[in-house]
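Number of protein chains: 2
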Amino acid sequence: MTDIAPLRHFVSGVSELLMTVPNDDAEVSPLVLQAITLQLKRLIEHDDWLPEPFTRPHPQRYRQYLLYADALQRFSVVSFVWGPGQTTPVHDHGVWGLIGMLRGAETSQRWTQGDTFSPVGDATHLLPGDIEWLLPQEGDIHQVSNAFDDRVSISIHVYGANIGAVKRNVFDETGQRKAFISGYDNRFIPNLWDLSDNVVHAQEETAHA
Amino acid sequence: MTDIAPLRHFVSGVSELLMTVPNDDAEVSPLVLQAITLQLKRLIEHDDWLPEPFTRPHPQRYRQYLLYADALQRFSVVSFVWGPGQTTPVHDHGVWGLIGMLRGAETSQRWTQGDTFSPVGDATHLLPGDIEWLLPQEGDIHQVSNAFDDRVSISIHVYGANIGAVKRNVFDETGQRKAFISGYDNRFIPNLWDLSDNVVHAQEETAHA
Ligand SMILES: [Fe+3]
Ligand SMILES: [Fe+3]
Ligand SMILES: [Mg+2]
Chain F
1 MTDIAPLRHF VSGVSELLMT VPNDDAEVSP LVLQAITLQL KRLIEHDDWL
51 PEPFTRPHPQ RYRQYLLYAD ALQRFSVVSF VWGPGQTTPV HDHGVWGLIG
101 MLRGAETSQR WTQGDTFSPV GDATHLLPGD IEWLLPQEGD IHQVSNAFDD
151 RVSISIHVYG ANIGAVKRNV FDETGQRKAF ISGYDNRFIP NLWDLSDNVV
201 HAQEETAHA
Chain B
1 MTDIAPLRHF VSGVSELLMT VPNDDAEVSP LVLQAITLQL KRLIEHDDWL
51 PEPFTRPHPQ RYRQYLLYAD ALQRFSVVSF VWGPGQTTPV HDHGVWGLIG
101 MLRGAETSQR WTQGDTFSPV GDATHLLPGD IEWLLPQEGD IHQVSNAFDD
151 RVSISIHVYG ANIGAVKRNV FDETGQRKAF ISGYDNRFIP NLWDLSDNVV
201 HAQEETAHA
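In the order they appear, the protein sequences are chains F and B.
Position one of the first sequence corresponds to residue 1 (the working numbering), numbered consecutively onward.
Position one of the second sequence corresponds to residue 1 (the working numbering), numbered consecutively onward.
Some, not all, of what chain F presents toward chain B, calculated at C-beta under 7 Å:
| # | residue |
| --- | --- |
| 1 | V11 |
| 2 | L72 |
| 3 | G164 |
| 4 | G183 |
| 5 | N186 |
| 6 | R187 |
| 7 | N191 |
| 8 | W193 |
| 9 | S196 |
Read the hints as simulated data drawn from the structure, not as lab findings.
Built from N, CA and C at the ideal position, the CB exists for glycine as well.
Generate coordinates for the entire structure from the input sequences, incorporating the hints supplied.
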């Protein structure tokens, strides 16, 4: 069984950071984002904590498993799982986002919007330990793909909202936008808060009950 | 499938209340506790939101399923499930607690500690919708039992800490105390944060995958 402690430490750390941000501040400062990035870096440094149910690919579509959402919906942590060759539509986010590569590799291609809807710059290639920022004010339209056509890739995303409930956009090849709300693919999220020694025994009982 | 919205509203409401409490205040004021009590009252008014995995009794022992814990461990929400005739040891809590009866009925017997270790007053009988307070400063040693010997009873508890990680005490018949940490019986907690329309479809896919 994986030890969920690194995710607990990340969630506690970000929550403590947000205690220092005024409640009415919709925007998080670059300094706070830097601090969250450092904590995310530590979280994805080792690939030994993500419970198996949140690593499962779907045969057709990429999966987005909520791992944690702040009760005031100020941030969320999501496990994105790409099966071989899977890709997202071109989409935006509307809030800040950090993508931390945990397992495998992915490419992220930015798109501009304006008179011409087109890819901008080279695709970013993310390897385990790498982090990419997405900021609405810098343009946050992109398309993400599994870099592998023969294995699963997983990245851990952190967003400045309950991302599964954010009304945002997907874009077709002409740049035509369509509103969407992603939701999540899981009804249950990890219990981060059992710090007792006997948790394994009790859980085994439950699993066998 | 149950609709988890009432629990989401409760968790959000308590979290918003705690935003008004100074960070360094270990004690929550009676006014804040009153406000939490009102919200708990609303939560347990209808027994239609608790997902089935958190209602399952164990043949030998009562179960404590974490439903939610605050990231700063300022409060937690737990589903206590008693099988027919099951009972807790005599125990304390060390933090404030609210017990809201959801299904069935239970009795709570207070104990004093001092020169003589003995039951104090009559047992409280809780029916659905009823709420009992536990405050360390008033003495919070008690024993809780399912009032039924032929059916399951469930109550929703709210505590002023991550209760499963609090070092507290159980007492034997002579009043001898023994330290314990309860932990929780579940590795997964409900995902409260999917507000999208398509959640049922996505979840059904996952369930069948
Ligand atoms: Fe994205
Ligand atoms: Fe108790
Ligand atoms: Mg346990």
